[in-house]
Amino acid sequence: MLGLATKDFVLLLVVAVLCLFAPVLLNPFPETSDLAQFNAGYPDLMQRFVIFGIFAIGFNILFGLTGYLSFGHAAFLGVGSYSVVWMFKLLNYNIVPGLLLSLVVSGLFALAIGYVSLRRSGIYFSILTLAFAQMSFALAYSVLTPITNGETGLQVYGNDPQYLQGDSAPNIPHLFGMTMRATETVEFGPWLWQFNAGYYFCAVVMLIAFYLAIRIFRSPFGMMLRAVKSNQQRMRYTGLNPRPYTLAAFVISGMYAGLAGGLMASMDPLAGAERMQWTASGEVVLMTILGGTGTLIGPVLGAGLIKYLENILSKINDNILHQWFAFMPDGLEDFLVAIVHPFIGKGWHLTLGLVFMAVVIFLPGGLVEGGQRIGRLFGRKKPAEAEAKAAAKTPAE
Amino acid sequence: MEAIILQILNGLDKGSAYALIALGLTLIFGTLGVVNFAHGALFMIGAFCAVTLQRLLNLSHEVIDDTKKDFLGNPLKVDVPYLADWFGADAAQTIIQWSVPLAILFSIPIMILVGISMERGLIKHFYKRPHADQILVTFGLAIVLQEIIKAFFGANPIPTPAPPAFTGSFDFGALIGMENIIYPYWRMVYFAFAMVVIAGVFAFLQFTTFGMVVRAGMADRETVGMLGINIDRRFTIMFAIAACVAGLAGVMYTPINSPNYHMGMDFLVISFVVVVVGGMGSLPGAVLAGFVLGILEAFASMNEVIDIVPGINQIIIYLVAIIVLLTRPRGLMGRKGVMEE
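Heads up: the sequence lines are chains A and B, in that order. Under this note's numbering, residues 1 to 397 are what the first sequence spells out, in order. Under this note's numbering, residues 1 to 341 are what the second sequence spells out, in order.
Hints may contain errors.
Covered by chain A, according to a simulated footprint, are these stretches of chain B (three or more residues, beta-carbon under 8 angstroms) [as the list claims (entries may be wrong)]: (1) 125-135; (2) 266-278.
Among the chain B residues that face chain A by a calculated CB cut under 10 angstroms, a handful are [claimed, not checked]: (3) F152; (4) A203; (5) N313; (6) I315; (7) Y318.
Rather than coming from a laboratory, the hints here were simulated on the basis of the structure. Where a beta carbon is used, it is the ideal one built from N, C-alpha and C, also for glycine.
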């Protein structure tokens, strides 16, 4: 269906259903219970799940298929954000022109950077992309202030032209009149579910992006990209030039990143240079590896997990820990709190680093490989493992 | 002319730091074939060795001082460092002021320990894995080390002053008959120190049997192994030496820039660029590129240059790297066959 094999279609359908019911599924704990702090079903966080999902899916097309490790993808994210905010400033708050522009601009940007960087491979490629991204960051921060508004970050001001802004049009980002902040709150017993227009828009975009990624993975073009990864030499001997294929992959993944950046700015009309810093590039690498490089669903899982941990772990503080361990004797309670303390709150990066190292060392295939291993432990195929199974066709290397 | 000399001098101290870190990176890459993204973290750990020593020396206990009174007339409690009890107040004062140079001695064993445990505990298992995996695991390690330091020392920069003998500035112009060339003493010390360390590493590799075996191992590891030499152990020691070099660079850098937890990452990105510009696996290349890029950065920060090309000071290093990589893929002094594809 939709030009997909049954397995892939099932995977797409599962992701679509999960996206559709995410506001419910991510809020498993009643609002009144102590566990409500683990809920992730509020619009802001869910938007970040899917947006970073798009970012990671795009990164995976480059890294997962061709094996080229780019350390500069955040540059495209930033470029996409700037394009969208500029469209807000010049035309009106409708997000469509901005997103289109962000695709075009990030594509061109990726073409230029990729054309130069792809002359080298391996570590040199990583350093080149890193250098380009750092350059873009430094320029956006300093010289290009007229375009990027420097340290303050680009935003829409009252005296911006906004040529197409009608009188009745909403004054916040919207899609043909449907504002991105519109949220339908449903109370179901003690539960509180929020259905947010912006989230659903991002989710639809993510599904389209995911669908395209599946098509790319299964296409002859995807085959060529895998050939680039496994043996460029042999590819050249068969009379194929790997460069155009890698460049195409680079541009595609750059456009994905630009789209993600554009969506970020569409949800919250702000664009800052710090989005281009290399730590942001590192983050998408972490997401992809954590989920499973070269697998379809991996990057989305990784993005979701990292954003969830970031949000939840950084919220927990010592008081909450004391509540949890309250049933223990006092000495032991304090001791445990002292042990856990460095890993939560502001220290959540420590947890992230440790988890990431553990994954690289013990589970190079990421969460997807973990799922497969658990699946194999229990022997026979169950429906829950359909995902892992579908991903198994593209073994993580 | 004065401006040019001044900029060269200004570039030397940063260039020294780049050269030292890049030297360590290249040592690790040349011997173990591992791309170490945690090297910046080693630089930072070195800097925090200086901070730790400063704090240790300042450990004190309260003493009731009868000669001083607070505003109510009660005897005032005064913090007296333990050192003052042992050596007398003046000597203690001097020792504390000289904590940064003393930290050199303090940091060497620590850095060796950190280096050996890192190599044996983690990097050993990654020799056979692809470069991407090495980059990723050391990147993760860098995050962890940096967060541990942050958990202990907080997120703010910690000032660690140079000894008073070096706090002033030196009128370099008077020496060569020109004016307006004032240069802080400590930066000269840093440069001299870097030269000594670099010369030491090169001499060690060039003139000792150990160094000879290591060089042979860099050229052809398997043959050296077959000759019955335990090359792995020597490479581990080289890793510890590289960690030491980075750590010492960090210790001595603390008076120039107060250490904070992300200084390692800041330097790491540039150091990688330096290594690539110098040529992967080439020790002289790394040192040369470190100084060249440091001085270029200083020149690009001149107001006259910024007026012509705005923002050049921010991007000059990356720009040079891109040009070098595209025109001389092996870097300035890279050898054939090292990390080509």
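Here is what the structure says about each hint:
1. 125-135: holds (count 6)
2. 266-278: Coverage by chain A holds here, the residue count being 4 at a Cβ distance below 8 angstroms.
3. F152: Where the cut-off is 10 angstroms and the nearest Cβ of chain A is about 9 angstroms from F152 (chain B), the hint holds.
4. A203: violated (29 angstroms)
5. N313: holds (9 angstroms)
6. I315: Where the cut-off is 10 angstroms and the nearest Cβ of chain A is about 5 angstroms from I315 (chain B), the hint holds.
7. Y318: The hint holds - Y318 (chain B) has a Cβ within 10 angstroms of chain A, the shortest such distance being about 4 angstroms.
The structure fails hint 4 only (numbered hints given earlier).
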